[in-house]
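Student: Sequence:
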Amino acid sequence: MPLSYERCDVKDLGVLISDMLLELVRLNDLIPLKDGQLTRFHSRAPPGISVRDYLNRLIVHATLSPPILLSMVFYVDRLCALYPAFTISSLTVHRFLITAATVASKGLSDSFWTNNVYARVGGVSTKELALLEVEFLRRVEWRIVPKPEVLVDYYKGLVERGRGYGLEEDPDKDPDSSEASISSTPLSTQDEERHATES
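When we follow full-length UniProt numbering, the leftmost residue of the sequence shown carries the number 1, and every step to the right adds one.
Heads up, some of the hints might be wrong.
Stated by the list, open to error - Derived DEER-like restraints, expressed as beta-carbon distance ranges:
id	residue 1	residue 2	range
1	60	34	36 to 44 Å
2	2	85	35 to 43 Å
3	37	143	21 to 29 Å
4	166	48	31 to 39 Å
5	12	149	19 to 27 Å
6	36	12	24 to 32 Å
7	164	138	32 to 40 Å
8	2	52	18 to 26 Å
9	47	148	27 to 35 Å
10	147	110	13 to 21 Å
11	49	6	25 to 33 Å
12	53	85	23 to 31 Å
13	42	120	35 to 43 Å
Claimed, not checked - Straight-line C-alpha distance at most 20 Å; calculated PhoX-like pairs for lysine-lysine:
id	residue 1	residue 2
14	127	106
15	147	106
16	11	156
Because the hints were derived from the structure by calculation, they are not lab data. Note that the structure is predicted; figures quoted are calculated from it, not measured. A virtual CB, placed ideally from N, CA and C, is assigned to each residue, including glycine.
Given the sequences, and given the hints that come with them, work out the whole structure.
Tutor: Okay, here's the thing in structure tokens:
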């Protein structure tokens, strides 16, 4: 993968993100739902499309760029930290993704689609997407634009944890340096820590 996330292929980034989300889904699906833990992001049953296929659909049809995709990963941590009832599970991941894609596109792009387009691509009604968007913005306290260095850290963390992926060598780096080429960045540790304390 290129050193700069701006130059990475969105489909590769989609694979890394969907793999990370699937880890969270597997972990959080083991935790039984308690009373009061249903959120607007919960569906009645897991949708019939895989997380990877759904994210790829959003990438292609909603034209998601690398900064938007990385912001969506940032939102996982932010939403879980500020909204303890929310976890990424098989019942929430799809609605989270379409909401996060819509919010990130509007917050980071000069041009974006209408809610009608995002709703059609995501398989929800326009009214439902509007409700999800408002709920999301309220829960993250309307702070939706991560700092550039945060996106760099998330990108490096995703590449480091991705199987079969690595960052290109930095051509300006001293070859005698013993410094590692990428740093470890914990992603979505809130869910993992919550699971550990409930076990």
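Student: Give a verdict on every hint.
Tutor: Hints, verified against the model:
Our hint of 36 to 44 Å for residue 60 and residue 34 holds, since their Cβ atoms are close to 37 Å apart. Between residue 2 and residue 85 the beta carbons are some 38 Å apart, a value that agrees with the proposed interval 35 to 43 Å. Residue 37 and residue 143 have their C-beta atoms about 24 Å apart, which keeps the hinted 21 to 29 Å range intact. For residue 166 and residue 48, the hinted distance range of 31 to 39 Å is satisfied, since their beta carbons lie about 34 Å from each other.
At roughly 21 Å, the beta carbons of residue 12 and residue 149 sit within the given window of 19 to 27 Å. Remark: the range hint 24 to 32 Å for residue 36 to residue 12 is contradicted by a beta-carbon distance near 39 Å. As the Cβ distance of residue 164 to residue 138 is approximately 39 Å, the hint placing it in 32 to 40 Å holds. Hint check: residue 2 to residue 52, Cβ distance near 22 Å, so the stated range 18 to 26 Å holds.
Range check, residue 47 to residue 148: Cβ separation about 33 Å, and the 27 to 35 Å hint holds. Against the hinted window of 13 to 21 Å, the Cβ-Cβ separation of residue 147 and residue 110 comes to about 19 Å, which satisfies the hint. As the Cβ distance of residue 49 to residue 6 is approximately 29 Å, the hint placing it in 25 to 33 Å holds. Checked against the hint of 23 to 31 Å, the C-beta distance between residue 53 and residue 85 comes to roughly 27 Å, which is consistent with it.
The supplied range of 35 to 43 Å is broken by residue 42 and residue 120, whose beta-carbon atoms lie about 22 Å from each other. Taking the CA atoms of residue 127 and residue 106, the gap is about 17 Å. The hint holds against a cut of 20 Å. About 16 Å separates the Cα atoms of residue 147 and residue 106, which keeps this hinted pair within 20 Å; it holds. Between residue 11 and residue 156, the direct Cα distance comes to roughly 16 Å. Compliance with the 20 Å bound is thereby established for this hinted pair.
Hint violations for this structure: numbers 6 and 13, all remaining hints satisfied.
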